[in-house]
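Trainee: Here is how the chains run, residue by residue.
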Amino acid sequence: MADTSRTMIVWKRRLPGLIMTMPAVIVFTAMFLVPTVLGFVLSLTNWNGFSLNLTFIGFENYLRAFENPRSVDAAIFTTVFAVVTTVVCNLVGLALAVLIAGPGRANTVVRAVFFYPYIISALIIGFLWSAMLAPQGVFNSILANLGLPSIPFLTDPAFAQTSVIVTGIWAHYGFSMILYIAGLKSIPAEYYEAATVDGAGPWARFKNITVPLLAPIVTVNIVLGLVTALRVYDVVLALTAGGPAGSTETVVFQILKNSFDNGKLGYGAAQGVILLIVTAVLGIGVTLARRNAEKKVAD
Amino acid sequence: MITGRMATAAAGLTAVALALTGCAAGAEGGETGEKVTVTMLVNITPNLTEAFWNDLVAPFEEANPDIDVKIQAPAAEGVAKTLPQLLASGEVPDIVETVPPTEELAPELVDLSQYDWAKNGPLADQYSLDGKYYMAGIGYQLQSIYFYNKQAFSEAGIEAPPTTVDELEADLQKLQDAGWTPIQSGGEWITQIPVQTTGLPSIIAENADWFAEMSDGDVTFSETYSDAMERYASWVAAGYIPADSVGVKYADAEQQFLSGKSAIYPMGSWFAASEAKAAEKPEIGVFRAPAEKGIDNPAMGANVANPYVIMMASEHQDAAAKVVEFLVTDEEAVTKQLAADGNFRDGYEYEMDALGQELLAIVADTPESDFTPTGDGYGERVLPRGYQTELNVQAQAMLTGVSAADAIAAMDAWIESNR
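Those protein sequence lines, which keep their order, are chains A and B. Quick note on numbering: the first sequence equals residues 1 to 299 in our numbering. Quick note on numbering: the second sequence equals residues 300 to 718 in our numbering.
None of these hints come from the bench; they were simulated from the model. Misleading hints may appear alongside valid ones.
Stated by the list, open to error - Below, in silico cross-link-like pairs of lysine-lysine (DSBU-like), each with a Cα-Cα straight-line distance of 30 Å or less:
| hint | chain 1 | residue 1 | chain 2 | residue 2 |
| --- | --- | --- | --- | --- |
| 1 | B | K380 | B | K369 |
| 2 | B | K473 | B | K592 |
| 3 | A | K295 | A | K207 |
| 4 | B | K334 | B | K449 |
| 5 | A | K257 | B | K418 |
| 6 | B | K380 | A | K257 |
Computed from a predicted structure; not experimentally measured.
Take the sequences, apply the hints, and build the full model.
Mentor: Have a look at this one:
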């Protein structure tokens, strides 16, 4: 009897919490768990998008994803894109943040200008850069007027890959910058004043105060940067449409192409599951690695 | 095997996974005497706007007050990509425009073989599957054609359009010598068009069963398409097709040709609609894509214009059939559709310029048996899905310096692994 009433009391205490978390649990289940499980189930089938009579084909789609040279190329390019854009966005974002984090109207205006690309639709960014980088685009027209040879920004595979990466950096560095500015503003000014009194120069202050105290922001920036970059699609669609010759196809671009153009939704689902796992492993891995780094700083 | 019910449940829930993209309204049903709503999924384009579709079906609704036709716009990437999502979600429209019947889609479609208007329409036999007619269309979209700038031909001393591929190649040299960019091409999905326009008229004329034999593995891409691929690569090397055209978007390629910057533009007959709308343009003509010397009846790549299918899941199949019958037989409705998208059908004339008349003449002069699918194909003449996309990739590869031999080998490998 006593046990029953104790259990009742425990449940009474827990009930409000359970009720309040239920909406989030329902949304999480409906929008993430169920699709993920179904995506995995479909990845084991030969679903073509039309017929509802599916056949289980085991892990054939997964094997194919690892064996198909086009998928491997897309995975390599996506990895390079993700690493380069994340690193450069962080470096550029941090540098700009340090330069313009201070008060003043000019800094406010400059911050807005630098942040602006981030709020533009990725598709518009793609078309914008396409107009600038095309064979008869803005840059090549300027070069032609100067009597210089044109540059194959979008027509040579290596140049096109570089163009996509540069465009990706331009689209996202503003977000890194804003996070770093928020981080910089949270560092007490007294630390810098004390260091200055102790004779520390700008570089020493940056290295010994700014960088260590921004460690959590670095973690957030890296994780968000990687996760966003691994899912890149719309910039590629608008800028190069995956060309030339498939050289700028990313994993997500291929997922959509295989799923809808080629009618292989089972295969596309397998690629999606692989991407999900890679993203999760990278996100968790980076977070854990950075947590150790942050702990060392704190110690 | 997964049961149909499991699959339906899985697919339905997957719709949630697809971020609620297919939020289409299904057909509303009613008992006899009640007003029935027939939903029609159509492609919305600059030519075929939502207003156009509503105007198109308005006379039908007036004549059939018990049927309301609801125009349904697809998600951003068109009908072909939206339909699988709608099928998965169970929100299936009654009628779908643009998606041709294939073996994999056929079980989801109503067999229209009982209707004469389906059996006797344009390309009806070509689109049939196992003798069943699942589609009805309104006209022809020609694809094995070259538009040309008449001034360019005049300046190059070309008196008549070429009738063989060798003559075409000689003309390209003359155009280049006269200072013209011989062929207007582009990136995105249009890079493959010159390859197909050069190859298919001869390949199909020589082997009408090419699609089937390719699908079955009886012939290979390298055995049949090498000449066209090598010729394309040689045209790129000679500068007839500028290598940097791979960076030109479809819309820009069209504008470049319309602004008189290039001499020949291999493109589907729908280009005529853009040409007709252009305010300033050079004088443009069109000729059918020639075949290799010795082939008298070059095949003509063509799709049916505005193909309509009725979905098996429709609760109003009879009402949907009435709508489709109106769309493909009512003279005014057919003519409106043909005119809107620059399509053609012998016996149906609308206000068209000289270029339109030339295209209509090509349609009238082409025997039904000479029409052939292009790209992934349709009806029983199909290749593995994604073939055209892969051909596009390899055409772009040749523009970036990959040899024809490597591109051909890549096509063989792709077809083999996707057959």
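Trainee: Next, verify each hint and record whether it holds.
Mentor: Now for the hints, and whether the structure bears them out:
no.: 1; hint: B:K380 / B:K369; verdict: holds, 20 Å
no.: 2; hint: B:K473 / B:K592; verdict: holds, 19 Å
no.: 3; hint: A:K295 / A:K207; verdict: holds, 17 Å
no.: 4; hint: B:K334 / B:K449; verdict: violated, 55 Å
no.: 5; hint: A:K257 / B:K418; verdict: violated, 33 Å
no.: 6; hint: B:K380 / A:K257; verdict: holds, 10 Å
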